[in-house]
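Engineer: Given only the sequences and the hints, what does the whole structure look like? Please build it.
Chains as they are written, first to last, in the numbering used here: chain V, 9 to 416; chain A, 9 to 416; chain X, 9 to 416.
Because the hints were derived from the structure by calculation, they are not lab data. It cannot be assumed that every hint is accurate.
For chains that are exact copies, the list does not tell them apart, and a pair is met inside one copy or across any two.
Here are the simulated lysine to any residue pairs, SDA-like style, with alpha carbons at most 20 Å apart [stated by the list, open to error]: (1) K339 to G196; (2) K370 to Y160; (3) K167 to Q371; (4) K26 to E394.
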Amino acid sequence: MRLICISGSFTHGNTMKKLEKLNLSHYGHDFLRTWDKSIDHLKATLAVAQTLRDFHRQGISPKVFTSGIAVSIFRDKSTRTKYSYAAATNLLGLEIEDLDEKKSQIAHGETIMETVNMLSFLTRTIGIRDDIFLGVGHQYMVEVAKAADWGYAQGVLDKRPSVINLQSDEDHPTQSLSDLLHLVNYFGGLDKLRGKNLTMSWAYSPSYGKPLSVPQGVIALLTRFGMNVTLAYPKEYNLIPEIESYADQQAKKSKGSFRITNDMKEAFNGADIVYPKSWASYDVMNQRTKLFKIKDDKGLERLEHEALVQNAKHKDWTCTEKLMKQTHQGKALYMHCLPADISGVSCKEGEVEARVFEVYKKQTYTQAGYKPFIVAAMMLLTQFGEKTPKILATCSDPQFYSRRSFRV
Amino acid sequence: MRLICISGSFTHGNTMKKLEKLNLSHYGHDFLRTWDKSIDHLKATLAVAQTLRDFHRQGISPKVFTSGIAVSIFRDKSTRTKYSYAAATNLLGLEIEDLDEKKSQIAHGETIMETVNMLSFLTRTIGIRDDIFLGVGHQYMVEVAKAADWGYAQGVLDKRPSVINLQSDEDHPTQSLSDLLHLVNYFGGLDKLRGKNLTMSWAYSPSYGKPLSVPQGVIALLTRFGMNVTLAYPKEYNLIPEIESYADQQAKKSKGSFRITNDMKEAFNGADIVYPKSWASYDVMNQRTKLFKIKDDKGLERLEHEALVQNAKHKDWTCTEKLMKQTHQGKALYMHCLPADISGVSCKEGEVEARVFEVYKKQTYTQAGYKPFIVAAMMLLTQFGEKTPKILATCSDPQFYSRRSFRV
Amino acid sequence: MRLICISGSFTHGNTMKKLEKLNLSHYGHDFLRTWDKSIDHLKATLAVAQTLRDFHRQGISPKVFTSGIAVSIFRDKSTRTKYSYAAATNLLGLEIEDLDEKKSQIAHGETIMETVNMLSFLTRTIGIRDDIFLGVGHQYMVEVAKAADWGYAQGVLDKRPSVINLQSDEDHPTQSLSDLLHLVNYFGGLDKLRGKNLTMSWAYSPSYGKPLSVPQGVIALLTRFGMNVTLAYPKEYNLIPEIESYADQQAKKSKGSFRITNDMKEAFNGADIVYPKSWASYDVMNQRTKLFKIKDDKGLERLEHEALVQNAKHKDWTCTEKLMKQTHQGKALYMHCLPADISGVSCKEGEVEARVFEVYKKQTYTQAGYKPFIVAAMMLLTQFGEKTPKILATCSDPQFYSRRSFRV
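Structural biologist: If you want it as structure tokens, here you go:
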């Protein structure tokens, strides 16, 4: 036991030292979008997640909470992120309380202010997925955060619970930071990403209405670290314009580059990393929000039909072995947030050929495996801010550790 | 850490001393109705809840269970109480196992005896909400308790799990005791409530079939502490007659008073506390039970329609600014168990004007915030009885505390 | 506290010593079927379960995990087994994460490989109930185990989670081992079962499609310990032929006996133990699988109707007081996995007369009460293998225990 812990301290030494050098002030009580955070905040999130990942491998427990609730609100289906949130919660010593809006009294008119306060008396984090309607999800999270601010300021709540974005209409930060941590480990460091060519490309899928937040999250985050980011999509499939502009500005600032193309084949040329993934067209997403607001169910049905027809015009946007050969040395890293629509496996024609996916299966699973630790890192940093490094150090202190726990 | 704990011991000193002077014998294995408990039992419940509330503020963990299950059975929708039960469970170290009757094998004929025993092998508490049908909910809880008695006596169960009423057709003790603890803290002591005028009034709501247990719980509990309780409702909206009689007797016994009026305006005159809240008419509730028993779905639909029409005759029963001015110095404390039907916010016309609710928002939220601690207090007292004060004292002992835990 | 623990050490001494003499090597990462395990593995499972049962009575906590997830996948309704899995999970320090296939993104084509890995990053056990279709459930569990093997070998997973069968189409090992542990305690030892006559008999029930895995599990397990096992059913209600053959072979090997009869009355003659329970006919189960695979919903409906008609021909297969009198000294132990279809209680005509069930109620509940401990024993042995006895010994070491915990 002692040996494990001591070796733990050694291997974490470097990450921990890096963490101490970062400016963690103003990390904030919530994690809603990567673009609300400084570069140091993002680096800290990666460093804490990596430390927790290493702790887990070495049997060191970061169970820093004795008790406490982690509320979850899922307004869209989820397997991976729901598991990641549950696992992170458990790892740190909190417990999930899921708000099932159908089984609760959350009625037409109950205010967000009230719901949030009622669910926060002993709560440390509120994780939310609300990604279906453009202009809705992020706004909801902001209101939840404001309600928590009010309750804490008024003394209704003893603690300010952290609001954590588990996918909104704008960003999917637990995904994009898992993606980034995967790249850091794959290429051997954050610095090694500078100058690498990453292609985030639309790809065909027979399904309807996939959110824009994964590609938005990827371009908004990776342009901040000096990468050459190419965003490829058929003409109608642009992302939220403001986020495309933000990516462009950040690329300039970080001395990387950002460009948009409507040619998937060209976008794969010389890429070091490719991320081919389907999303709904921007126009469809906007129409959907409008129809939803006026409760036009028939209109929504018609829109779904039209969108599928529109998608089907672009079946050639698929990640083939042939395309992969055009990438840098034919060996680009293939990424996906999963589940991928694999041609001949999960659908007839989809985002990627089975042979390509099979080669990178281990890599995509590894990419997904960072998410519980990214979520846990967000929980620690939003709750403890600048005290986080000290708390982590205590976890790997063998004397402290042996006193608290038996076996992870 | 040490400092926090020591300060904890100091501030709790008074409450703890009070607790030691109370007669906790025969507290009982269950908490079904406040009128099954002695005054000392009720005072102890408040004192333990207050101590747990203070512990939480000061970062002292009362995690007295290493493991154990807290079964929950919700036969009606719930947000606040479900959260409170989950939070209390987690605070003390237990874990929720929800009985979802739809996903279980609980078939037509499976006996309560069997279900209860099957769900109790490692269980410490069973929390139940069953408030829809008059004559059903409380009776169900009594049978659950009897089944637990049998299993424990037979050696089928190692422990006798506590049955905790999370709202029945008769009482809602976690609500009424939260209400009382709020009053104690608002007015500065249980003794300060003696002679205060509390008006529990019916109010209009556009919704159907709200249980009677909140007003019943309030009048049955608060008449025991020397308050002058006025119960106001339109003629058809009386409560269970036996509970109205009980309130009357208790008021006499405690040297307070109890009266019923059919005039909301008059009832607000000079009130120190007002609790305007909707409930179904007694007649409708009785008809509903009968129709339910003969499975007359059409009859139930018709009844709902009739009830809403009946309610709508009393739209003037609403808590307005004007009415509030009639209260003692125009400053009565407004109470609500939440969610309130707020006119212009959660419905067109409802129980309370938005401007009144807004003034007391912080107070109603604070009132709700006692519930997790009331539930936890019931768990401790039903499980540990007279040993409870000693167990609580150990939690705030810094040496013990530092050995067990890291951070709340 | 100290006294409790010391007494714990004393009473467990014998069981613990027995455990140390067993060969625990190759216990395996999963528990899918009792016939995949050696006699020593089975004895160890019983011994560990008994130790955990005793620990619970004496307030000794076996909370060996600091954190970790226990995934549950229930493809059929469950009350008892779901509770048992939850309670075992909590007892050892893990936390349930239920995969609700309806709320997740588990789509038509997502591979088991992917789902399993995505749900296993911080997971220690995966409990699965999949018992509806012959040829499906066990196969699914094998594929889950293979996916976990792959993920662990590839370094995607830090730990190999244990797959635990919570009822498949072939076996129901948590049930059959609970049944066996009940017999061991009832008759005073595993050796005392040698030569005892056990009758596993089909019985009439008005319900449709009960799995074959309970009777299969019972005959496959109990024939390995020198019992004389009689399997009785109406002609069409045979079990999977390979499992009947296996039971026959094992009976010979263990110097017990195994026979099949189509006469319930004869089967009860001289029995020491009777286990009358309904199951679907083998032919119906096979047809059901075929209709399910071609999605013939009308065919499935028709089959259900036919099956109920077929069942109803055998209403005389019921456990009566009269039949019980034919057993050894009229005092055979009546067993049931619960819930039983009790004539006049849970149905008009069913598996057992109310008067018989009532006499053995305490016994059947006690039988059910071993299941949480059997599940926990499987978790410990699949996760820790040969280290399990040492870990258990540490739990009852008073010094260690007092350092970790406060109260069970």
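Engineer: Next step is simple, just say for each hint if it's right about the structure.
Structural biologist: Status of each hint after checking the structure:
1. Taking identical chains as interchangeable, the C-alpha atoms of K339 and G196 lie at most 20 Å apart only when both belong to the same chain, with a minimum of 16 Å there against 67 Å between chains.
2. Only between protomers do K370 and Y160 lie at most 20 Å apart by alpha-carbon distance; the minimum there is 11 Å, versus 44 Å within a single protomer.
3. When the C-alpha separation of K167 and Q371 is checked against a cutoff of 20 Å, the pair qualifies only between copies, where the shortest distance is 18 Å, while the shortest distance within a copy is 39 Å.
4. For the homomeric pair K26 and E394, the shortest alpha-carbon distance inside one copy (13 Å) is at most 20 Å, but the shortest distance between copies (41 Å) is not.
Checked against the numbered hints above, the structure breaks none of them.
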